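Protein chains in written order, with the UniProt record's numbering: chain H, 1 to 500; chain X, 1 to 327.
Derived from the structure by calculation, the hints contain no laboratory data.
Note that this is a predicted model, so its numbers are computed, not measured.
Any given hint could be a false lead.
[Claimed, not checked] What follows is a list of derived Cβ distance ranges for each label pair: (1) H:Ser142 to X:Gln34: 51 to 57 Å; (2) H:Leu16 to X:Glu321: 54 to 60 Å; (3) X:Gly64 to H:Glu225: 35 to 41 Å; (4) H:Ser142 to X:Ala266: 55 to 61 Å; (5) X:Asp249 to H:Glu57: 22 to 28 Å; (6) H:Ile418 to X:Gln178: 44 to 50 Å; (7) H:Thr473 to X:Glu245: 22 to 28 Å; (8) H:Leu135 to X:Gly247: 37 to 43 Å; (9) H:Lys285 to X:Glu316: 41 to 47 Å; (10) X:Asp146 to H:Pro469: 27 to 33 Å; (11) H:Leu16 to X:Gly221: 53 to 59 Å; (12) H:Ser22 to X:Ala232: 44 to 50 Å; (13) H:Phe196 to X:Glu321: 41 to 47 Å.
Note that beta-carbon positions come from the ideal geometry of N, C-alpha and C, so glycine has one too.
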Amino acid sequence: MELLIDNLAHGFSVALSLKNLSFALLGALIGTAIGVLPGIGPVATISLLLPITFGQEATTAIIMLAGIYYGAQYGGSTTAILLNLPGEVSSVVTTLEGYKMARNGRAGAALATAALGSFFAGSVATILVAASGPLLTQIALSFGPADYFSLMLLGLVIACVLAQGSILKAIGMVVVGVALGLVGTDVQTGQQRFTFGIPELSDGLGFAAIAMGMFGIAEIILNLERPEAREVLKTEVGKLWLTKEEFKRATPSVLRGTLLGSALGILPGGGASLAAFGAYMMERKMSKGRHLFGQGAIEGVAGPEAANNAAAQTSFIPLLTLGIPSNAVMALMVGALIIQGIQPGPRMVEAQPDLFWGLIASMWIGNVMLLVINLPMIGMWVKLLQVPYKYLYPAILVFCSIGVYSINNNVFDVYTTILFAVFGYMCSKLKMEPAPLLIGFVLGPMMEEHLRRAMLLSRGDWIVFVERPISATMLGIAAFALALMLLPNMRKGKDAAMAG
Amino acid sequence: MSKPTPRRAALSLAPALALAALAAPALAQSWPSQPIRLVVPFAPGGTTDLIARLVATPLGESLGQPVVVENRPGAGATLGSLQVAQSPPDGHVLVLSSIASHAIAPALYSNVRYDALTDFTHVALLSLNPSVIVAHPRLGPADMADLARRHREDGRGLDMASSGAGSSNHLLIVRLGQILGKELNHIPFRGAGPAMTAVIGGQVPLMSDSLPSAAAHIRQGSVRALATSGEARHPAFPEVPTLREAGFDLVTSSWFGLSAPARLPASVTDRLSREVLAVLARPEVQSRFAEFGGTPGTLDPAGFTQFVASELARWEPVVRESGAKPD
Numbered sequence: 001m002e003l004l005i006d007n008l009a010h011g012f013s014v015a016l017s018l019k020n021l022s023f024a025l026l027g028a029l030i031g032t033a034i035g036v037l038p039g040i041g042p043v044a045t046i047s048l049l050l051p052i053t054f055g056q057e058a059t060t061a062i063i064m065l066a067g068i069y070y071g072a073q074y075g076g077s078t079t080a081i082l083l084n085l086p087g088e089v090s091s092v093v094t095t096l097e098g099y100k101m102a103r104n105g106r107a108g109a110a111l112a113t114a115a116l117g118s119f120f121a122g123s124v125a126t127i128l129v130a131a132s133g134p135l136l137t138q139i140a141l142s143f144g145p146a147d148y149f150s151l152m153l154l155g156l157v158i159a160c161v162l163a164q165g166s167i168l169k170a171i172g173m174v175v176v177g178v179a180l181g182l183v184g185t186d187v188q189t190g191q192q193r194f195t196f197g198i199p200e201l202s203d204g205l206g207f208a209a210i211a212m213g214m215f216g217i218a219e220i221i222l223n224l225e226r227p228e229a230r231e232v233l234k235t236e237v238g239k240l241w242l243t244k245e246e247f248k249r250a251t252p253s254v255l256r257g258t259l260l261g262s263a264l265g266i267l268p269g270g271g272a273s274l275a276a277f278g279a280y281m282m283e284r285k286m287s288k289g290r291h292l293f294g295q296g297a298i299e300g301v302a303g304p305e306a307a308n309n310a311a312a313q314t315s316f317i318p319l320l321t322l323g324i325p326s327n328a329v330m331a332l333m334v335g336a337l338i339i340q341g342i343q344p345g346p347r348m349v350e351a352q353p354d355l356f357w358g359l360i361a362s363m364w365i366g367n368v369m370l371l372v373i374n375l376p377m378i379g380m381w382v383k384l385l386q387v388p389y390k391y392l393y394p395a396i397l398v399f400c401s402i403g404v405y406s407i408n409n410n411v412f413d414v415y416t417t418i419l420f421a422v423f424g425y426m427c428s429k430l431k432m433e434p435a436p437l438l439i440g441f442v443l444g445p446m447m448e449e450h451l452r453r454a455m456l457l458s459r460g461d462w463i464v465f466v467e468r469p470i471s472a473t474m475l476g477i478a479a480f481a482l483a484l485m486l487l488p489n490m491r492k493g494k495d496a497a498m499a500g
Numbered sequence: 001m002s003k004p005t006p007r008r009a010a011l012s013l014a015p016a017l018a019l020a021a022l023a024a025p026a027l028a029q030s031w032p033s034q035p036i037r038l039v040v041p042f043a044p045g046g047t048t049d050l051i052a053r054l055v056a057t058p059l060g061e062s063l064g065q066p067v068v069v070e071n072r073p074g075a076g077a078t079l080g081s082l083q084v085a086q087s088p089p090d091g092h093v094l095v096l097s098s099i100a101s102h103a104i105a106p107a108l109y110s111n112v113r114y115d116a117l118t119d120f121t122h123v124a125l126l127s128l129n130p131s132v133i134v135a136h137p138r139l140g141p142a143d144m145a146d147l148a149r150r151h152r153e154d155g156r157g158l159d160m161a162s163s164g165a166g167s168s169n170h171l172l173i174v175r176l177g178q179i180l181g182k183e184l185n186h187i188p189f190r191g192a193g194p195a196m197t198a199v200i201g202g203q204v205p206l207m208s209d210s211l212p213s214a215a216a217h218i219r220q221g222s223v224r225a226l227a228t229s230g231e232a233r234h235p236a237f238p239e240v241p242t243l244r245e246a247g248f249d250l251v252t253s254s255w256f257g258l259s260a261p262a263r264l265p266a267s268v269t270d271r272l273s274r275e276v277l278a279v280l281a282r283p284e285v286q287s288r289f290a291e292f293g294g295t296p297g298t299l300d301p302a303g304f305t306q307f308v309a310s311e312l313a314r315w316e317p318v319v320r321e322s323g324a325k326p327d
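Isolated chain X, as found in the complex (with noise of 0.2 Å):
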């Protein structure tokens, strides 16, 4: 008795997934033919949930068929994004592709089973969110200049929270290390609300933190910001300065974009790209985006597809030295 596991059932998809590449131009033209399944790799609530489902709907509007999110959370966004990658090209099954499962996992994890380059055909990028420097408004230092001082003067370097090991955020911590040189004490937390409660209990007094999850603290005035990580100052933080203005030469966002496996057939990949950016161009969309500090994407299909294959070989070298290498 053998029951099939989800190994075989690859295996067994494998002809069906050749099947499928030879009757897509017939698939094509009947595009969208039945709802599509927009599969989210990580839990319902966080950011990269909302952001698909503030896409999901209008572009489900505007393509005749309805865009269904469906949560597949698990081993750090690469068990989502494995099953899109073994479904059909048939523009039936998309991924929420992100910094976490297509840039930093193939670096981190020895065991993830598909290529985040030539096992997708990435269709646009949604939202590029800049991150943000935040410290205790008493225990933290005033700003970044501050922060260089106190690191140099403190032989032992500044505790650093982060939302968890191998993050983006994370990966943030080990580059301003970098530049400062010397190691920041890096704290990692499980999630970015715990690391955030450290932060404001004083527990912990520096934390790099995605802005749309810290947007609401540092309104608030229970954090201050000292430096956010995008090319520009963030227009609903205008006062905050850039990394870069603060002296450091470091800028980087963490993306979210829309990618489907590989050999899209052509004429999927235009259409859904054009209805997309469509979708992102909506003025609602924009305003949502905003409150979320984050930027809505641009990019055509080759655009992302080079925007991915840039920032995998950017972090691959950083994850290495973050010292975040399991196995």
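So that you can see chain H by itself, here it is in the shape it has in the complex (with noise of 0.2 Å):
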């Protein structure tokens, strides 16, 4: 315990320098941005940054890189709260409600609580990648394909299980988006499937397309044909703050939300998105307000966001104790690190204590930062939606579609983003849920992944999923929800909690 104040100490004292506390600051400030504007997210950032960084010193460049990512996390509310755009895999849950509470007027409110979240769940990851990293990482090492497979089974099924409204729909969508998810080069033979010919197609369809697309684009196309909804968004603002009552709803959401962000984070490609998606999954299920989701609950708000930041801080615990990177920004991290001729992986820890025990002290000191940021910021976001949406409307076209193209600067990716958003105003206009869809396209191919991974590896035996403890477990809720949601008595309470 000693020891790690005194390392956390040492980190201090070299995040505190006025260089690396302004990139600290920079960093924060980027990632807010970039997390503001759809379409453009972390990897592309960070990707484009990346040849600034040479010239830094590593642990500079890392503390600026992590700002950009954890900042993204912030700005990513935002949008998906202000305007219904979830520029990130992690911010998609976040629509659902954020977005609702915002059509009712308690825009201030939502933001307000994602910010709080947000501190929070990145404040307590934060103090537990410096305490337990190491140990976590064994844990994290033990999930083995089959385990995986369970676990994304379970989020599969529960969010069928938890949709609104038809559940036949819902199961529909789910299934629509994992065959989306299967187009692309096959993992485990290279075959190309679902790809037409179409190079393009190869490396599969773009998440920030399709999520643009179905909601940020769609939802512009549903708004330009009723004009009374516009008006009721123009004039009612609300208060920019917490009520006392949402105040004590969202408490419980932000614990629950932190700790299953800081657990998922931690698996290698689990990170940020399947934390929101589990979230918010637990707040429908556990939370008091759980009644009025769909109408605005703050608990879906304030679950999701907590757990999409704590998992992006403890998503570094791979990469800073093995060297693994588990998504995309961190392999962009690992690429900094090797640039700056420092190899990453378990001896980080001893041979680089300035970067290690800095960028822990750093991502705490940047949370702060962000809260600073944001909270004096929110009347001004707010203020967004009082723009006419003539010049709104536009403008968000404009930076959705410099976003796509930047992700892989190709033209293909704008043509595939308004053909989902046609898909998208037809789904709304057949009351079809597009959630459903995106948590198919992203867990389903990592779903299959697994299993196959886990079925070459056993030659085929399907025992290895009840074999494995934490498999069996994951399996065994998920045919209690599936039981749960097939009895019709079940779905009475539950189709009636919906409508009340």
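With the hints as a guide, dock the two chains, each given alone in a separate frame, to form the complex.
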């Protein structure tokens, strides 16, 4: 413990140097900006900024890049709540309740919840990284392909169980999402599937293109056909702060979200998106306000926002303790370190104490900065809703196009976005929720990959899925949830709860 | 209303291309007259990207025009390569060619729209990177002889991970299986990182990886290196035998090079090749390459072109054998 405090003190002495402090701030600012701008995510930004870091010291470079990453988690919720535009996988679920809150005139409260929840979760997760990183990595390493498969199956089942409205439509959307997720090159064989000979499809459809089209642009089309709805949003900005009642409801959700997010962030391949989905499902099932879901429940913002930020921080654990990147952003960090002549690996803690502890200290400092940046800005963001739509919508369309194009520098992604905007509009007309589709799109291919890898390793013996305790537990819960869904009484109860 | 599609844009480039070929001599005198785009057909942060950036800065200095790295990932490195193949051969657009885009992909994918030989001017071999066979320190075999014995005795054969189906690491596993007389159970992953995680976590006992990405884990002792695939032992890991020393007649390296669109004026090719070789000979560049486990190349344009041709001929039958043939 004493050693930990010594180390943290050393970390703060590194992170608080004027240079590191200003680059942490710069990172947080850039992160917030790109989080707010739809489409341009942290992966694209960090890859663009990578060359700038060559001239910097390694610690400074990583502090800035990390700031961009978790800054984007803060900023991403802003557009999700105000404009129904999830710039990133992890903010898809924030749109569900957050945007509804904004429509109810509670945009300020939703933004404040997101910022405070993220701050709390980020602080807790940072301590976790410092105190028990190596230990947690060992636990994450024990997750085999069978365990991952069962975890994701559970996620998909719960996504169906908890969907609003018709369960049949929800299942349909999940299945379409899974099918869309399978487009591209098969990981196991290198076969191209559903690509119709188009090279641009061989890496699959882009998440940003689908999310942007189905959520943001489809929403714009919908809004254009109901002028009365615009007036409501324009006039009712509402109070900027949380009421006492809202604060009381959000607190337990933040705590739950932090726990779940910290745990899921450590899993390789999991990260912020899985954490946000998980937290949303948990809130929908467990929170006191679960009957309000679908109408703008603050729990549905607090839980996922806490979870995605906690996961963004803990996803550094595998990188810092093992040198293994758990997602695309972390892979870029590896690149940045290697360019600096530092091989990320288990010895980094001893070999680069400045970098390791300085980064951890800077994460906490960065979270404080983000809170300071974001809270006073809430008023300004909310004013954005008063911008007449004839200016706002073209601006959103332009930013979306730039953002989607910048991911691969390819117009193909822009065409994909347009296609999915039309599809998303059709879905809305048919009362089909886009969220289950996106969950299927993200989880489906991962599930398939782990399923087939587990089968390859077991030589086709299905017993692995019940042999391993982690996997067996997940499957048990999934079967239970499925049974609940199929029992007619339960369904009635659920629908009644939804309606009320 | 018709929107310009990439393909149409490419067609409309054709006359421009012909013009550029005519204008080539004039261009060559003033080359480079503007910043040079170096297209890296992979995402930033990977080995290919690192090599490109290591070379780009000093090359730009010696040419007097900045060399700007542009990442254009997708479709097994073929999208970015195609873009360069269709660009004017004025020396201002280059591609970081590699074993992926210019030796394996043409055999692997039927929809590759370029010819790895005739659509490019191959200028210089930048780096040769050997692969390494690594094992879980407790669960995996102790050395290559142990690997062969365990593989023979295990009725189902051993599991071996790689960074992906159709990667050079996968093809190494196929070749190993051919030499062992029994297929290894190939477990493909999405990139080297997740595969290495599975080996360290003990989910898979063996992996074939490129030396740069495995180096840190070997030094750390979280995996054991059984053999490298180069001609000779690697200077950074002198204690690790080569596959050939371990009794497997197999020498293979992944490689990275610098290529331009076809019909690059000879004067530009010569100058570029000269400058690149000079950059590669610099001590500081050599030491950075050594850290990655790579060996800087020394081939001239003719030698590199021949090398690409031999690699194409070499991997085609292995890809066919591997079962990784799509479509």
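Quick rundown of the hints versus the structure:
Ser142 of chain H and Gln34 of chain X have their C-beta atoms about 54 Å apart, which keeps the hinted 51 to 57 Å range intact. Checked against the hint of 54 to 60 Å, the pair Leu16 of chain H and Glu321 of chain X passes, with Cβ atoms roughly 59 Å apart. For the pair Gly64 of chain X and Glu225 of chain H, the beta carbons lie near 58 Å from each other, so the given range of 35 to 41 Å is not met. As the Cβ distance of Ser142 of chain H to Ala266 of chain X is approximately 59 Å, the hint placing it in 55 to 61 Å holds.
Look at Asp249 of chain X against Glu57 of chain H: about 47 Å separates their beta carbons, and that is not inside 22 to 28 Å. Restraint check, Ile418 of chain H to Gln178 of chain X: a C-beta distance of roughly 48 Å satisfies the suggested window 44 to 50 Å. Judged by the Cβ atoms, the range 22 to 28 Å given for Thr473 of chain H and Glu245 of chain X is violated: they are separated by roughly 47 Å. For the pair Leu135 of chain H and Gly247 of chain X, the beta carbons lie near 41 Å from each other, so the given range of 37 to 43 Å is met.
Look at Lys285 of chain H against Glu316 of chain X: about 55 Å separates their beta carbons, and that is not inside 41 to 47 Å. Separated by about 31 Å at the C-beta atoms, Asp146 of chain X and Pro469 of chain H satisfy the suggested range of 27 to 33 Å. Taking 53 to 59 Å as the suggested C-beta distance range, the pair Leu16 of chain H and Gly221 of chain X does not conform, at roughly 35 Å. Checked against the hint of 44 to 50 Å, the C-beta distance between Ser22 of chain H and Ala232 of chain X comes to roughly 48 Å, which is consistent with it.
For Phe196 of chain H paired with Glu321 of chain X, a C-beta distance near 28 Å fails the hint of 41 to 47 Å.
Consistency note: the structure conflicts with the earlier hints numbered 3, 5, 7, 9, 11, 13.
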